[in-house]
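Peer 1: Here are the chains, one letter per residue:
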Amino acid sequence: MTDRELKLNSLSRYSKSSPLFILEEHGHCEVPAGCGGVVLRWRDPAAGVPITMWSHTGGPCEPLLDGSPVTSGRPLVPYGEHVLAFAVTEIDPAFMVLMFAGVHRSSDDEHVTTVPPEPGGVSVLSAADGTWRYTLTEPPDDAWTLPGFEDADWPSMDAVADRPPVEGSWDPVGYRIGKMTERGAVGLGVPGAPGARVRAWIRKEFTVPRMGGDR
Amino acid sequence: MDDHDDPRGLFRRARALEAEGDHRRAASVYDRAYGLDPTDAEVAEARRTLLDRLAVVEHGLRFRYVPAGTFLMGSDVGDPDESPVHPVRLGGHWMAETAVSWSTYCDLMGWEPPPIGFPKEEQGAKMAGFHLHEENKIRLQYCEDATTRAVDWHAHAVGQKWRRGGEEVDASELFGTPPREDPRRPYRYDTKPMVAVSWQSAEALCERLSTDEVRYRLPSEAEWERAARGGLVGRRHPWGDAPPTPERCDFDRFDAFSILPMRALPPNGYGLYAMTGSVWEWTSDRYDAQGYPADAPPPPADGDRVLRGGSWADCAEVVTVSFRMSRASGDWRTGRWGDHLAPNIGFRLCREEITPAG
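If you're matching them up, the sequences are chains A and B in order. Going letter by letter, the first sequence gives residues 34 to 248 in the numbering used here. Going letter by letter, the second sequence gives residues 6 to 363 in the numbering used here.
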């Protein structure tokens, strides 16, 4: 453990820690602070949980969270019921259509130091578990992107292998898929003839539980 | 109601003092009247006019006068280290209207201007060049003026050479191009606050500028908080108790990874811009989590220094006039990798007259 980590994890009288708020230190490339720098962020744990999200879709898609575009790789998601929605176009059913990993677990995020550490965590991982549902028929309105939509008659997605990796050069898609696989996400697909170009509407309901009780 | 509690009585006294030419005492009395009734337009206007008159422009910086007086420091509803609320008596002093910009820092230190931002002669320790290079890399990105959203920091590292398969490739090929309102004006070194500032780098500028007559220094916590309150009494924010909004404060934009220009939002009652939000500002004081007990022993010499004000990345509950943060104050001058390497740490100068004029 480095001196800095030791210090961050101690409740020193002469170094700030808060019983009300959480201090995050973000030190990685997607959080631009230069090499070795950190972005400091105080957040209110009562406001929700910052879920770090990775996704890959088999065609163009703008992911939605509760009906709104996900504009951040680490959106602050309030406690309660939510829906992830993906309208994916130009899908080749021979390969993976969707892989998704949304995780918040302060104890094992190598890029974010959280003071004080938060107990527990939240994971939303793509899986062939019957909770990731799709339709190939365009919904009549946007209700499907919101909590409370009845999707019991939508089929469940099945596990589908990834497309072959690109040989000979750095493959950002393969890198992203590898990162999600490490976190336990599974590639999902829809039925159809290989080589066809189809559209699919995919939704996943999940709950963000209140972590660690009231602070 | 005696004269001390009567805003109109104080107003009459202030006007008399102003007419006698005792402008600093008049400012203090106007300030007390304003604190009792900030809605009195006549008091507010007379106070503002006199404070404008007492402003000083030196080294290209405008310093706003913060009148002598007693104010209530701290908060009983925030973190425990903000309490207890207690009266603090301060003399008159001047606070810079804004945080220090990168171009101002380089100019006043006699360094090469941004984006070089290095001493013209070797002034640093052995590793100064490397550390300063890293600081400047962060500063450059956060001086981007028209960037609407940052991406992977590599895309912002202008001048960095990238190679793929033995051939040089443009950064945009590898990391994309940050979206910009106007690609013709990507940088603005004089309107954004300098970031990634170590406490000692801030002190170095203070030392360089100070003379026998005028001392420039970091504000104490009390001076910073009094200035941030802008003359309002017992409020949470420089503008009052209303919650922060994008029209009042540069805060809660963690996902944007950018800073608004320092004068983009309205100033507070002392004419000071961005006292909360924007960047954390160093103070001269060391941090003590026990708050403000009267009999506390002084913090150890290697304790953290206090930062105030919150930043563009922080939540609404933190950008108050009383929230306190701390950070270690080492830097490249001591050969140590700094805890200050953050694009939301900057500083503001406080001005003190050693021999008052007149």
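Because the hints were derived from the structure by calculation, they are not lab data. Cβ coordinates follow ideal geometry from the N, Cα and C atoms, glycine included. It cannot be assumed that every hint is accurate.
What the hints assert, rightly or not - With the Cβ distance kept under 7 Å, some of the chain B side facing chain A (calculated, not the full set): (1) V61; (2) Q205; (3) E208; (4) Y292; (5) A294; (6) N349.
Peer 1: So, for every hint listed, does it hold in this structure?
Peer 2: Status of each hint after checking the structure:
For V61/B, the interface hint is violated, the least distance from its beta-carbon to any beta-carbon of chain A being 32 Å, above 7 Å. Restraint check, Q205/B versus chain A: the minimum CB separation of about 17 Å is more than 7 Å; hint violated. Interface restraint check for E208/B: the shortest CB-CB distance to chain A comes to about 19 Å, outside 7 Å, so the restraint is violated. This hint holds: Y292/B has a C-beta 6 Å from the nearest C-beta of chain A, less than the 7 Å allowed.
Hint on A294/B holds. Least Cβ distance to chain A is approximately 5 Å, under the 7 Å limit. Hint status for N349/B relative to chain A: holds, with the closest Cβ pair at about 6 Å, below 7 Å.
In terms of the numbered hints stated before, the structure departs from hints 1, 2 and 3, listed from lowest to highest.
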